[in-house]
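Engineer: Given next are the chains, with one letter for each unit.
Protein chains: 2
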Amino acid sequence: MTRALAGPYATLLLAGLGAEVIKVEDPRGGDLARENSPYVGRDGVTVERAHADDVSISHLSRARGKQGVSLNLKAPGAQQLFQDLCRNADIVVENFTAGTADRLGVGYAAAREANPAIVYCSLSGFGADAPEGGKAMDVIIQALSGAMYTSGDPDAPPVRMGIPIADMLAPVFAVIGILAALEQRHRTGQGQHIDVSMLGALTSFVAIENWAALAAAGMPARTGLTVQRLSPFGVFECADGYVALVAVHEKLARGLFQAMGAPEMSDDPRFASRDARVANAVALEAKIAAWSRTLPTAEAVRLLEAQGVPAAPVRHPEEALTDPRVMARVETMAIAHPRYPHQADLRTSGIPIRFSEARTGFDETLPIAIGEHNRQIYGDLLGYDAARLEQLAKQGVI
Amino acid sequence: MTRALAGPYATLLLAGLGAEVIKVEDPRGGDLARENSPYVGRDGVTVERAHADDVSISHLSRARGKQGVSLNLKAPGAQQLFQDLCRNADIVVENFTAGTADRLGVGYAAAREANPAIVYCSLSGFGADAPEGGKAMDVIIQALSGAMYTSGDPDAPPVRMGIPIADMLAPVFAVIGILAALEQRHRTGQGQHIDVSMLGALTSFVAIENWAALAAAGMPARTGLTVQRLSPFGVFECADGYVALVAVHEKLARGLFQAMGAPEMSDDPRFASRDARVANAVALEAKIAAWSRTLPTAEAVRLLEAQGVPAAPVRHPEEALTDPRVMARVETMAIAHPRYPHQADLRTSGIPIRFSEARTGFDETLPIAIGEHNRQIYGDLLGYDAARLEQLAKQGVI
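First to last, the sequence lines map onto chains V and P. Just so we're aligned, residue 1 is where the first sequence starts under UniProt numbering, counting upward by one. Just so we're aligned, residue 1 is where the second sequence starts under UniProt numbering, counting upward by one.
Wrong hints could be hidden among the right ones.
Stated by the list, open to error - Which chain P residues face chain V? A few, computed with CB under 10 Å, are given here:
id : residue
1  : Gly-152
2  : Thr-188
3  : Val-196
4  : Ala-201
5  : Leu-295
6  : Pro-296
7  : Ala-298
These aren't lab readings, by the way, just hints derived from the structure by calculation. Since we're looking at a predicted model, the values are computed, not measured. For every residue, glycine included, the Cβ atom is placed at its ideal position computed from N, Cα and C.
Sequences and hints are given; from them, build the entire structure.
Structural biologist: Written as structure tokens, this is what we have:
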């Protein structure tokens, strides 16, 4: 029972690990991600939906490998269907606003009543115990988490991260919680409620750096493209892009000076030791930038790597997603509209885990329409007969 | 067998979920994170280490709840100790450069020989199958993943994320892989090798956005503090800081105009519909900024929330880490030097998952010195007698 990104990404990860996932959607509209432009379908990628079976690329990416049923949770009798689903399930995931699932009669209490072994995971902005408040969008959580003031120059505005990190981090922790609860269930036979907050997940990541201690020690925390207390460390401009390099230790610094064609810098008292390099970081960074700005990025990387200095080009997402290493490991993967597979060349997230004795991946299944798999799930799995399905549809329950 | 951040964060999460974690360190130096300034000890927080039992705050944060043994993997006989540890363990985690663990005789093959049920997880920059290359630092992986070109303004330099996201994301997926392998082990009785790449984990996050499709549809991907295709959406300057707000839908946009004291904007043809607001995003954002810049952030948030518009102040990390909601849920938590608990007020990451039938958290244990718990682990757990321990120490094995 998930919508948007946080919840669907949690169940996507579970699907990729081998779970059979059933996506439950309101027959009156379904997951709002279905309305995210751009779409893909018989005409390829389009900004607007032109045909009934065009699907949002967001939906295609997030719902792949899942079966889909329709269920209007506000309709009389919906709770019965929900509990029947729970009796045939191991895990429930929902990301309604805190309190909503309980109010609709599909909270943990209802699930447990149907199946005491159920593992029930709630994903919300501020936690299941938060007083009901506004919706928790990614940008709101990024703002509250402190993350926006960890990037960028010390005096610059905050930085909104272009990856929806708050939406994606909470579900990763949700999956950890779910798998940990399954492990506990092997010992107790009982399920439990897992409660993950977007704000908590992202703040816990921010908290791994010792912000207060850095401040207490007089060390700047927010340092932009380079980190002067580790100088030379960071990102430098090239003729056609940017290069990232790390030369914190003595041997690497000497390698950098060699790569720069300036081995004599090793004897310059300003740069001859780690402490000196940190103390003269501004002058050192200026020298590096004056060198790197004259070179294509690939040439700078080549020269640095030849000296054993860790270095990399700063790549754009399109290039990163098609890195041969990443494609070979299925950390990114092709997706296609099941009916028009050759109409577009699309690539999305894979499961970034390799198992020696198992494979990750997704079935070809996709709920193109809401309730696409009602017959398979309500009919074949729950055993509802055709007459009952017809009546439920007529009553607007499914 | 983990060092720096990626590996230790994986085992920290496992410790927080209840695992008994044994940190294996080289007696000749140990985890380099022990050398990260600042330190904490009898004199409080200091930039330099003054006393033998001062500990790096990085080490304090990452090694809490773990026992520590010393083991020189290059010493003759070390493999015997490693295999004895494996016979008493469920999980091994290592983050050496790819290929190193095998070369040292402590790779998956050696672990499985000792214990076929062992789940063995390798964390590396580019995957266990990568040809041996340079070290994979966080900034190098950020550069390669495309993440640096997702934040910031369209024509601005790339943005280095201040959170070590590459170092932290791979271990979260490692824990998912480990727990999934434990689930599989309940069915097969066998362990397996888990292989997680820093580049793959971060690239898979970047890949959730449909970069190629956005480009194909002519939509800008990198949009800085606001997203004009969702206008009004993003971060706006206030008199004393910044506010994040989301007013994509009709009702929210009207609420925003009310909050701005300009309800007539709802009738302005430039702003009267969602399509119009997107088409006139530049003018709309200028009007919002002209309003927000006159107000303290708290006042802007108050006015927006009163109209039901999702809004939040952009907070600094220190403020975010002490959010009462986050502290109450132990998503951040206090840490202290075990011997000098009152000398500093430090706060770090908790486990951002709440269980109804279990608690997360950390024992008071900390390997202050390398090999702190040799007697408990090699003696009590493995049953080595005092004479043997003495000899191993004398030979430099432990």
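Engineer: Look at each hint and say if it fits the structure.
Structural biologist: Hint check results:
For Gly-152 (chain P), the suggested interface contact is upheld, since its CB lies about 7 Å from the closest CB of chain V, less than 10 Å. Taken as an interface hint, Thr-188 (chain P) checks out: its beta carbon lies about 8 Å from the nearest beta carbon of chain V, inside 10 Å. Look at Val-196 (chain P): its Cβ gets to within about 6 Å of chain V, closer than 10 Å, so that hint holds up. Satisfaction of the interface hint for Ala-201 (chain P) is found here, the shortest Cβ-Cβ separation to chain V being roughly 4 Å, below the 10 Å cut-off.
For Leu-295 (chain P), the suggested interface contact is broken, since its CB lies about 16 Å from the closest CB of chain V, more than 10 Å. Evaluation of the Pro-296 (chain P) hint against chain V yields a violated restraint, the C-beta minimum of about 15 Å exceeding 10 Å. The criterion of a C-beta within 10 Å of any C-beta in chain V is not met by Ala-298 (chain P), whose closest approach is roughly 13 Å, and the hint is violated.
Taken one by one, the earlier hints fail for this structure at numbers 5, 6 and 7, listed in ascending order.
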